[in-house]
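Residue numbers (my numbering), protein chains in the order written: chain A, 1 to 222; chain B, 223 to 464.
Hints are supplied without guarantee of correctness; some may be wrong.
[What the hints assert, rightly or not] Examples of chain B residues toward chain A, derived with CB under 8 Å:
#: 1; residue: Phe-237
#: 2; residue: Asn-239
#: 3; residue: Ile-242
#: 4; residue: Leu-356
#: 5; residue: Gly-360
#: 6; residue: Ala-363
#: 7; residue: Leu-364
#: 8; residue: Ala-386
#: 9; residue: Asp-388
#: 10; residue: Ile-392
#: 11; residue: Ser-395
#: 12; residue: Val-396
[As the list claims (entries may be wrong)] DEER-style ranges, computed between Cβ atoms:
#: 13; chain 1: A; residue 1: Arg-218; chain 2: B; residue 2: Pro-390; range: 45 to 51 Å
#: 14; chain 1: B; residue 1: Ala-271; chain 2: A; residue 2: Arg-49; range: 38 to 44 Å
#: 15; chain 1: A; residue 1: Asn-121; chain 2: B; residue 2: Trp-342; range: 29 to 35 Å
Just so you know, the hints here were simulated from the structure itself, not pulled from any lab data.
For every residue, glycine included, the Cβ atom is placed at its ideal position computed from N, Cα and C.
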Amino acid sequence: MSPLAAILFRDLRIAVRVGGGALIGVLFFLVVVTLTPFALGPDIALLQRIGPAILWLAALLASLLALDRLFAADHQDGSLDLILMGRAPLELVVAAKALAHWLTTGLPLIIAAPLIGLLLNLDGRAEAALVLTFLVGTPALTFIGLIGAAIAVTLRRGGLLLAVLVLPLTVPVLIFGVAAANAAMVGPVPFGTPFTILCALTLASLVVGPFAAAAALRQEME
Amino acid sequence: MAVIDLANPTRFLQFANRAIPWLGGVTVVVFAFAINQAMVAPDDYQQGATVKIMFLHVPGAWLGMLAWGLMTIAALGTLVWRHPLADVTAKAAAPIGAAFTLMCLVTGSLWGRPMWGTYWVWDARLTSELILFLLYLGVIALWRTVEDPSRAARAVAILTLVGAIDLPIIKFSVDWWNTLHQPASVFRLAAPTIDPSILIPLLIMTAAFTLLFATLLLAAMRNEILRRRVRALRLMQASAVS
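The following block holds chain A by itself, in its conformation from the complex (with noise of 0.2 Å):
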C-alpha cells in the first residue's frame, strides 16, 4: 500500500473508532439548524426562504468544529514529526489526511443535509441544488481550514484563534454555495453561474491549501 493511501486508511480508522467523534459534526449540525427556528420564530415560509443560508452557515461551522483534530492528535502523539521525515511529499499527505477529514466530517454533512432540510421545509428541487453545492463547496472549507489547522497546530490555545484566522477565509464559498442554491430555488440567476464559480474556489482550493498547509507544517515542526 502506498503512504498515502496508509495514512488515509489509517485516519478514517481512527475517526470511526470511539474517541473518534466522527459523527459529532453532523449532530452539532442537526442542534444548529434546530436552534433556528427558536431565534426566528416558526414561520415556515420565511424559514423556507432562507433554509439554505442557515443550512451551508450550520455545514460551515460543523466544519470548523473538528478542524482543530486534523493535525493536534498527530502533533501530540508524534506521528506528524514521523509523517515530516518520511519520504512521502508532505504536501500530497496534506492532502491525504483532509481527503479523510473530509469523508468523516463533509460526507455525513451531504447525506444528512437533505434529512435535516425538511425541517426547513425545502422541496425537492432546493434540496437537490443544496446536495450539489454540498458536494462542491464543503471540500473547499475542509481544504481553506487545513490551512488554519496546519498554522495553528503547535497553539495552546489554537481553537478560538483558528475559527477567527479561517472564517474571513471561507465568504467566498459561503457566498456562492448559498447564491447557488437560491438561484436553483427562487432564481433569477440561472443555477450553473454561482455553481460554477463554486466549483472553481473548490478547485483553487485544492491547490493552494495542501501547499500552503505543508509550508506551514514545516515552519512549525523544525
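For this one, chain A is given, so just place chain B on it according to the hints.
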C-alpha cells in the same frame, strides 16, 4: 550607503533614527498644506460639507490595502530569505494597516448616516473592507499567540500570503453578492467624475497620509527591533542566573 546595507538591523536602526525626524517633519508640512487645501475645497453641490469626509476615507482605504501589500512582500522575505527585518516589517505594518482600515470604516459609516440614512449597509465595498479588517485582527491575534517571534513570523507569513490570494477573491465575490446599493463608487481612481477642485486636495491628503504611514512604520519597526533586543537580553540574563 546602499539599500542592501539597511538589511542589517543595526544599520537599519541608525537609518531609522536619522530618517524619522525628517520624515515626521515632512509629514507635518504636507499635512498642514493638505488640511489647508481640504478646508478651502468647495462643498459638493449635492453632498454639502460631508464630501470632505472623503479626505480621510480614501487615504484610509488606500493605506489599508498598501499595508497588506507590504506585509505580503515581507512575508516572502520571511519565508524565502528568513530575514529578521522582514519579520519586523510585517509585524509593525499589521496594527497600522488595521488602524487605517478602521479609519476607512468609521469615516465611511459617518458619511453614510447623512447620505444613506444609516451607519451601515451590507454593501459590497463596506463588506469587503470589513473582512479585510477582520483579517488584520486575525493576523494581530496570531502575532500575539505565538511566543517565539521568528516562529510567529513564519506562521503569520503563510497566513498573509493566503490572505493576499484570497482578498481579491473575497472582494470580487462580495461585489457579485450584493450590488444593489451604490453600484458606482464614490471615488474611482481613473475617474474624471471628480472635479479637480476636490480631486487635487484629495491627492495631497493621500500623500500626507502615506507619509504618515511611512513615519509610523519606521518608528514601529525601530520599536520592534529594540523590543526584540530587550527580549534577547532578558533571555540571556535569565539563562545566566540559572
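We went through each hint and held it up to the structure:
| no. | hint | result |
| --- | --- | --- |
| 1 | Phe-237 | violated, 29 Å |
| 2 | Asn-239 | violated, 32 Å |
| 3 | Ile-242 | violated, 32 Å |
| 4 | Leu-356 | holds, 5 Å |
| 5 | Gly-360 | holds, 5 Å |
| 6 | Ala-363 | holds, 6 Å |
| 7 | Leu-364 | holds, 7 Å |
| 8 | Ala-386 | violated, 11 Å |
| 9 | Asp-388 | holds, 5 Å |
| 10 | Ile-392 | holds, 5 Å |
| 11 | Ser-395 | holds, 4 Å |
| 12 | Val-396 | holds, 7 Å |
| 13 | A:Arg-218 <-> B:Pro-390: 45 to 51 Å | violated, 26 Å |
| 14 | B:Ala-271 <-> A:Arg-49: 38 to 44 Å | holds, 42 Å |
| 15 | A:Asn-121 <-> B:Trp-342: 29 to 35 Å | holds, 31 Å |
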